Every structure is written in C-alpha cells, then in structure tokens.
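J.: Those sequence lines, one after another, are chains A and B.
For the first sequence, my numbering gives the first residue as 278, with consecutive numbering after it.
For the second sequence, my numbering gives the first residue as 39, with consecutive numbering after it.
Please keep in mind that the hints were generated in silico from the structure rather than gathered at the bench.
For clarity, every value in this text was computed on a predicted model and none was experimentally measured.
What you were told as hints is all true, and nothing was included just to trick you.
Derived lysine-lysine pairs resembling DSBU-like cross-links, with alpha carbons at most 30 Å apart:
#  : chain 1 : residue 1 : chain 2 : residue 2
1  : A       : K377      : A       : K396
2  : B       : K394      : A       : K347
3  : B       : K394      : A       : K350
4  : B       : K395      : A       : K377
5  : A       : K350      : B       : K401
6  : B       : K478      : B       : K401
7  : B       : K198      : B       : K183
8  : B       : K478      : B       : K395
9  : B       : K348      : A       : K350
10 : B       : K198      : B       : K214
11 : A       : K347      : B       : K393
12 : A       : K347      : B       : K401
13 : B       : K395      : A       : K350
14 : B       : K433      : B       : K401
15 : B       : K461      : B       : K442
16 : A       : K347      : B       : K395
17 : A       : K377      : B       : K394
18 : B       : K401      : A       : K377
19 : A       : K322      : B       : K393
20 : B       : K348      : B       : K312
21 : B       : K394      : B       : K433
22 : A       : K347      : B       : K348
23 : A       : K377      : B       : K348
24 : A       : K394      : B       : K305
25 : A       : K350      : A       : K396
26 : A       : K322      : B       : K401
27 : B       : K312      : B       : K238
28 : B       : K287      : A       : K394
29 : B       : K461      : B       : K325
30 : B       : K174      : B       : K55
31 : B       : K442      : B       : K393
32 : A       : K396      : A       : K322
33 : A       : K377      : B       : K393
34 : B       : K393      : A       : K350
Some chain B residues close to chain A (C-beta under 8 Å, calculated; not the full set):
#  : residue
35 : N262
36 : F263
37 : V266
38 : D292
39 : N296
40 : H343
Cβ coordinates follow ideal geometry from the N, Cα and C atoms, glycine included.
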Amino acid sequence: MKILVVDDELDMQTLFEQRFRREIRSHEMDFAFAHSGEEALSFLKTHVHEAVLILSDINMPGMSGLELLKEIKGNFHEPPPVVMMITAYGDPENYNQAIKLGADDFLTKPIDFTVLKDKLKSIH
Amino acid sequence: MSAAALISIILIIYLHKTLKDSPDAPPWVRYLRFAWIPLMILSFTFESMKVRSIFDFIWIGLMLFLLSFILKRREFSNSRSLLVAVLPLAILSFITAFLNVWNFEIIEKINSYIEIAYPFAFIWLGAYLIIYRKQKKTLAKERQKLEEEERLNKVIAARKDELENLVTERTAEITKQKEELQNTLVELTATQGQLIHSEKMASLGELTAGIAHEIQNPLNFVNNFSDVNTELIAEMEEAIRQGNIEEVKAIANDIRDNNSKITHHGKRADAIVKGMLQHSRTSTGQKEPTDINALADEYLRLAYHGLRAKDKSFNTSYETHLDPQLPKINVIPQDFGRVILNLFNNAFYAVAERKKKEATGYKPNVILTTRRIRDQIEIVVADNGGGIPHNILDKIFQPFFTTKPTGQGTGLGLSLSYDIVTKGHGGNLRVETQEGEGTKFIISIPLRQNAQTQA
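Whenever a hint applies, use it, and build me the whole structure from the sequences.
T.: Here it is, written out as structure tokens:
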C-alpha cells in the first residue's frame, strides 16, 4: 500500500519512518513524503494511481490541506484516493469543512499511531 | 441810626438766611424775612425823637437777645467769627447808650473818643463780614468738593464691589471648569491605559490559535518519538539477547537521534509558551541581548497560524530572508515582539483583504527580511497586499486610526509600535508603500545604543 504523507513539518518523515519501520521493512506499506500541497499535487501527477492513501496536514504555508483535498477529490476521478486529514486544529469547523470536501477521515495531532495503524489496516 | 439797631438788622437778616431751611427752627423765624424793613423804619423814627437813649436800650436788648439766640443754635457753631465782627460795635453802642443817659462834662470828652472809635468798629465789622463771606464761600466750595468726592467714592466702591463679584463668579466658573477638565484627564488616562491593555490582549487573542497549533506540532513529535524510543529499547533488548551487536548499534543510533528530536521539539514548545507569557506580561522595560532572527521568526509563525486558525479561507505564503550573521541587539523583548507581531498581523491582513477582492491570479506573500546595514540592523516586513492609499499615509501612525471595520481594530497598533521603536529603542520605523503593489515596514535599530535612548 502506497501512502503519501503531506506535512510542512520536516520531522514528520522521520517520525513515520520510525513508527512504521516494521511495515516498511516488510513492504507492507510504502511511504512517500511531500512538504507542501503543491509538492503533493506534482507527486500525484507523476505517480498516477500509485498512492492509494493520502495523509495530509491542513495548516501549511501556501496551498492548505483543505485546498489539496478539494483538488484531489475534484480532479482525480478514477478511483479517488482515500484522504485522511491530520491537523493540530481539532475544532468542529475544520472537521466539518474537511468532511464536506470529501475527507475520508480526520485525525488530530498529537497523532495516536495505534489508532492510525488500525485505521490503515481496516482500509487495506 | 444806632449801632445796636444796625447790628440787630444784620443779625436778623443773617438769622433768617441761615435758619429758613432748618427743620427745627422756631416758627417765628419764618416771619423774619422782611422784618428788616419795619425795623429800619422804626430805627429812623426813633432817631428823630428826642428820647432816643431809651430806644437805644431797646435795640441793645434786641441785639443781646439775638446774639444769645445765635450762640445757642448749633447751626451757627462755625460762624462765631460773626460775633467777633459785631462785638466792637456792640460794645460801643452799649457805652454810647449809657453815656447818653448820664450827660456829664468828662463824659463829653470820652464821647468824642467813642465817636472816633465808631468808624473803626464799622470798618472792623465790614472787614469781618467780607472775610466771613469769603470763608463761607470757600467752605461751601470745599463741602461741595467733599460731597463730590464722597459721591465718586461711593460710585467707585459700588463698581469695585460689582467687579469683585464678577471676579469671584468667574473664578468659581474657571475652578469648576478646571476640575471638570482634571476629571476628564484622569478618565482619559485610565481609558488610555485600558485601551493599551486591550490592544495587547487583542493581539494576544489573535495569537492563541497560533499558539495552540504551534504547541500541538512539537507535542506530536515529543509524544511519538518517546513512544518510538520505548519500542526501540524493547527491540534493542531483543537484539542483545540474540547477540546481534550490529543491530544493537543501529537501534542505539536511532534512539539517540529520536532523543535529540524530542529535546528539539520540547524546547520549541517551551519557547512558544515563554513567548506567549512574555507577551502578556507587563513590560519590564529591561533591555537584553536578543536574537532578532529567532524572535521575528517565532512571531511570524504565531501571527500566521493565528490568522489561519481564525479564518479558514485565509491562505498566504511567507518567506524569510534572515541574515545568519545578524548580531544580537539590546531590546526589550516583550515590547519589540509586540512591534513585530503587529507588523505581521497588518501584513497578513493586507494580503488577505486583497485576496478577497482579487480571486484569481493573485498570490499573497509576506516576506520577513533581517539585515545589517553598517551600524544598524534592519527588520523589514513586506507584503504584496493592496498598499496604503496616499491620502491616509500620514495618519497611519496616529493613535486610534484604523482602516479596519469598527470593533476589529483598536487603531493603536502602529502608534504603539512607533513609540516602542523610536522612544523605547532609539530606532526608526518607516513605511514604503505603493498602491496595488504592497507595503514595506522597515524597523531600523542602531547597534550602539547609548544610555539616553533607554526607555
């Protein structure tokens, strides 16, 4: 399963690599990282159908996670990838907007990786 | 005509003249007006008679009566000189009357002396009368003058009282006004203090969401990396049991790396909380060497995330061009942080406003630049918002001037910022703007700050 993680926090990559090191080692999961919405979009364009799951932060400079979500759900027709939003803002407004734009799930920071792992496994 | 008759007539005329207006004068005084006419006739009639010596006594009696009457009346108290005037003539007429009774030889001789004395007595009387008239006139004049003066004094006194009343009235009015003004001043000072405080709280309020975001992110790393480390330690124990030294070394390396990340993000959260506390605290007024790059960067992120949290549609990119060689400078961190935060808030507000108007083709951007120029350091906050219209450019540093809708801006941000930079730090805050292009706020602080620029 190819997962694209989008977050402007650079250490997010290290964290995911450490947290999922067993899954990565066993090639159960494959991670790609983008540090902005724009970067994520260009990745998706060059790697069509590769990513089946996208984990995106909402609050990023430039294109926000919600805009990215809108782009993905609007333009990638065949079949639209699963998008989970991860944000430090757990407020209802953010949540509602994400769900309205088609987010498949919504997580708040600090990320509970046990919960995340369960969710990922249930999708798979 | 005998001397006594003449004196009597003079006295009667004088008496009438003086007493006619006196309220307590005896009633007969009124009839004295023309009394001198019958007396005159009588006097001449007696003169032609042979028994004149008897009549002489009658005249003397009348004269004495009049004299005694005059002496008693207070109206004549200042005209005793009249008595002196008539005295020689009265004495002479007295003597003559007596001499006429006893017609002796020797007396004949004395009589001739008396005859000579008569003219002198008349002259005496005339002179005295003239002097008396003159004196009276002068006295009357003086009295008139005195009365005039008194009248004038009264008028002056009245005017003086009037003026004094007016002055008292005015003084009371002015005192009242002064008190009112003083009260207003006290109220204004209090209001100003409250406004400054509320401005501070408002900018802090804008920060809270940013602070939440900025703390959740490092916390995410602290929590998760420490969890990872716990797992890694278990794995490490397993590797030790298996005797796989290479694996143990690799895991130990990971643990060390993770730990340094925990420390890094822990410190990051700490700095944010400290910054927030510092911002809400009253300024200590103490300058301390401060890393402007770190301070500006922190507030840039706080302002950005704060606005982002408040307005979901808000979206802008920002760049930082920080001079790594920038020396630390002496500033009051709380105050200086407020200035920078205020400039960021304004910049983000400007680009957000422009974004609302120009939906497509506009890429909002805010750029923070720090640099050293000779003996000054410059902090530049540039935005590509709508710019400041020329007609309000000279007002932006005035207190309470704001372009934001009512209730959204205190209008104190730039005014306070200007004071903090110039008065507090001996620096300069200037603006460069182009309508439709954007705005640049440039803070310059001299590297060598001398003692007199202390806040």
